[in-house]
Amino acid sequence: MTWDKILNFTLQLTSNALTTLQLFFMTLLFALPLGLLTAVIRMSRIRPVSYIMRGYLLVMRGTPLMLQLIFFMYGVKPAIENLLFNAFGASVTFSRLQVAIFSFTLNYAAYFAEIYRGGIESIPAGQREAANVLGFSKKQTFFRIILPQVVRKILPPMGNEFMTLVKDTALARIIGVVEITSYAEKMQAFYVSVLPVVIAGIFYLLMNAVVSRCFAAAEKRLGYYS
Amino acid sequence: MKVLQATDIQKSFGKNPVLRGISFDISQGEVLSIIGPSGSGKSTLLRCLTLLERIDSGYIAYEDLVMAKNDAASGKAVYSPAPVLQQIRRKFGLVFQNFNLFPHFSVLRNITEAPIHVAGKSRDEAEKEAMALLDKVGLAEKANAYPCELSGGQQQRVAIARALAMHPDILFFDEPTSALDPELTGEILKVIRNLAEEKMTMIIVTHEMAFARDVSDRVIFMDEGVIVEQGDPKQVIENPQSERTKAFLSRFSQR
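So the sequences go chain by chain: W and U.
Residue 1 is where the first sequence starts when you use our numbering, and the numbers rise one by one after that.
Residue 1 is where the second sequence starts when you use our numbering, and the numbers rise one by one after that.
Fair warning: there could be bad hints in the mix.
Claimed, not checked - Chain W is faced by these chain U residues, among others (derived, beta-carbon under 7 Å):
hint	residue
1	Gln10
2	Ser12
3	Leu52
4	Gln87
5	Lys91
6	Leu94
7	Phe102
8	Ala114
9	Val118
Said to hold, decoys possible - Restraint ranges, calculated between C-beta atoms of paired labels, are given here:
hint	chain 1	residue 1	chain 2	residue 2	range
10	W	Ala125	U	Asp214	30 to 40 Å
11	W	Phe25	U	Pro81	38 to 48 Å
12	U	His207	W	Phe143	45 to 55 Å
13	U	Pro81	W	Ala125	49 to 59 Å
As the list claims (entries may be wrong) - In silico lysine-lysine, DSS-like type, Cα no more than 25 Å apart, as pairs:
hint	chain 1	residue 1	chain 2	residue 2
14	U	Lys121	W	Lys138
15	U	Lys91	U	Lys199
16	U	Lys121	U	Lys190
17	W	Lys220	W	Lys5
18	W	Lys138	U	Lys91
19	U	Lys136	U	Lys91
20	U	Lys199	U	Lys234
21	W	Lys153	W	Lys138
22	U	Lys234	W	Lys220
23	U	Lys69	U	Lys2
24	U	Lys69	U	Lys15
25	U	Lys91	W	Lys139
26	W	Lys139	U	Lys121
27	U	Lys2	U	Lys91
28	W	Lys139	W	Lys153
Hints in this document: simulated from the structure, not taken from any laboratory.
Just so it is clear, the structure is predicted and the values come from calculations on it, not from any experiment.
Here a beta-carbon is modelled for each residue, glycine too, at the ideal position from N, C-alpha and C.
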């Protein structure tokens, strides 16, 4: 590959990187709150409710994300589109990226849920008791006393998940989302050169360097106790 | 009217009875110490009185607010509805053995959080009052420190200030010095002594016999879930009547 081709490829890859970033941020936007909700339901004392959540966690964490993508793309997506058309006469089509965001959200929420749960269970009972005696409501206790401490505690495992998510976005190519890896793969065949793949790797590396720095900064900022 | 009245409290954990018919009351301005061996039910009693545990049967009331009373038919304790319990929570404060300060808040915010968000005070007012309380427990200069930067004794003094900030009618102490080394217990006992002089109503579960004798108006000796002996502190601690109390206290004086 010549320098201008490399430059050209890199520019094109940057625009594809926007799709990767979109998938990354949208997944976090939905999966972080959904994971918290899942964790809270999972810890419910109502047995059947807790068991339903355990089933969801088992399926999501026990099967490959790639299979889930294919299932949602070719099974769930057309089914929902048909349903919307038959029930409301609405002809809606979901984009490949939307399906990917949906699948990633369900999958990552499951992992986040278990991290949240570990964090919540690690907070000493005395914290709840102190809040209870002071008259805080259950909601206040959770959001003012428990959750801020949980966030501090789960930063290291969350950092892992965020970095894994950056790399997992490459799986979206299996349902035809054009992102960094799929484009690099195509160009590798076109130029018969591994250089596009190496440059794609550098993109992921840079993104994860940023993620890692952000977590280090957050840990330092919240390091008021340990 | 009695600040707190408890009658025939029974509580089991599974098949293991922990409180077997405890009755007592406390008047305004009285300081009551509860002593007794580990596992005698002292802490469980305190936890029942502060709504951290539920009793199986018996009667508990704060002034005219009934927390729980026996259902006539079943003989089991029935608790008052949640709004009443919330009102009752405003009547008492609890100081824990291991402080339980909120580690993610500064000292000042540990004290102001409940007055602002539970009692609905303005931030200015709550902070002003918190500073006065910190001054009272000798920690005004630590207002912006975090709990982890404080010694155990300092943390416990903050915990006392935090409880006082809600203006309880009665303050409970659950072995407030047991997690501290002997050098630090003195500073806590001094704070409690000052509160006693201000006629704060207090119930103190403690292993500090000399302190219980000097500061309280009345001492209760508990063992195996019952009150074995109670009365004037000097009487109970220096001249106990029951064999069980004698045996317990003799082990203390030997040390």
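How the hints compare with the structure:
Taking 7 Å as the C-beta contact cut-off toward chain W, the hint placing Gln10/U at the interface is violated, the least distance being around 22 Å. Among the interface hints, the one on Ser12/U is violated; its C-beta lies about 20 Å from the nearest C-beta in chain W, farther than the 7 Å criterion. Look at Leu52/U: its Cβ gets to within about 5 Å of chain W, closer than 7 Å, so that hint holds up. Below 7 Å, beta-carbon pairs count as interface contacts, and Gln87/U has none with chain W, the closest being about 10 Å; its hint is therefore violated.
A cut of 7 Å between beta carbons decides the hint on Lys91/U: the least distance to chain W is about 10 Å, and the hint is violated. Look at Leu94/U: its Cβ gets to within about 5 Å of chain W, closer than 7 Å, so that hint holds up. The beta carbon of Phe102/U comes within 6 Å of a beta carbon in chain W, closer than 7 Å, and the hint placing it at the interface holds. Hint on Ala114/U holds. Least Cβ distance to chain W is approximately 4 Å, under the 7 Å limit.
Against a cut-off of 7 Å between C-beta atoms, the interface hint on Val118/U holds, since the closest Cβ of chain W lies about 4 Å away. At about 33 Å, the beta-carbon gap between Ala125/W and Asp214/U stays in the expected band of 30 to 40 Å. Distance hint check: the CB atoms of Phe25/W and Pro81/U are about 46 Å apart, consistent with the given range 38 to 48 Å. As the Cβ distance of His207/U to Phe143/W is approximately 37 Å, the hint placing it in 45 to 55 Å is violated.
A beta carbon spacing of about 25 Å between Pro81/U and Ala125/W contradicts the range 49 to 59 Å that was offered as a hint. Among the hinted pairs, Lys121/U with Lys138/W is consistent with the structure: their alpha-carbon atoms are about 20 Å apart, no more than 25 Å. At roughly 16 Å between alpha-carbon atoms, Lys91/U and Lys199/U fall within 25 Å of each other, so this suggested pair holds. Using a Cα cut-off of 25 Å, the hinted pair Lys121/U and Lys190/U is violated, with the two alpha carbons roughly 29 Å apart.
Restraint check for Lys220/W and Lys5/W: the C-alpha separation of about 42 Å exceeds 25 Å, so the hint is violated. A hinted pair counts as satisfied when its Cα atoms are at most 25 Å apart, and Lys138/W with Lys91/U qualifies at roughly 19 Å. For a cut-off of 25 Å, the pair hint linking Lys136/U to Lys91/U stands: about 21 Å separates their Cα positions. Taking the CA atoms of Lys199/U and Lys234/U, the gap is about 20 Å. The hint holds against a cut of 25 Å.
For the given pair, Lys153/W sits about 21 Å from Lys138/W by alpha-carbon distance, which is consistent with the 25 Å threshold. Between Lys234/U and Lys220/W, the direct Cα distance comes to roughly 54 Å. Violation of the 25 Å bound is thereby established for this hinted pair. For the hint pairing Lys69/U with Lys2/U, the CA-to-CA distance comes to about 16 Å; that is within 25 Å, so the pair holds. For the given pair, Lys69/U sits about 22 Å from Lys15/U by alpha-carbon distance, which is consistent with the 25 Å threshold.
With a CA separation close to 21 Å, the supplied pair Lys91/U and Lys139/W stays within the 25 Å bound. Under the criterion of a C-alpha separation no larger than 25 Å, the hint pairing Lys139/W with Lys121/U is consistent with the structure, at around 19 Å. Pair hint Lys2/U plus Lys91/U holds up; C-alpha atoms about 13 Å apart against a cutoff of 25 Å. A C-alpha spacing of about 20 Å is found between Lys139/W and Lys153/W, which places the hinted pair at or below 25 Å, so the restraint holds.
The structure is inconsistent with the numbered hints 1, 2, 4, 5, 12, 13, 16, 17, 22, although it conforms to all the rest.
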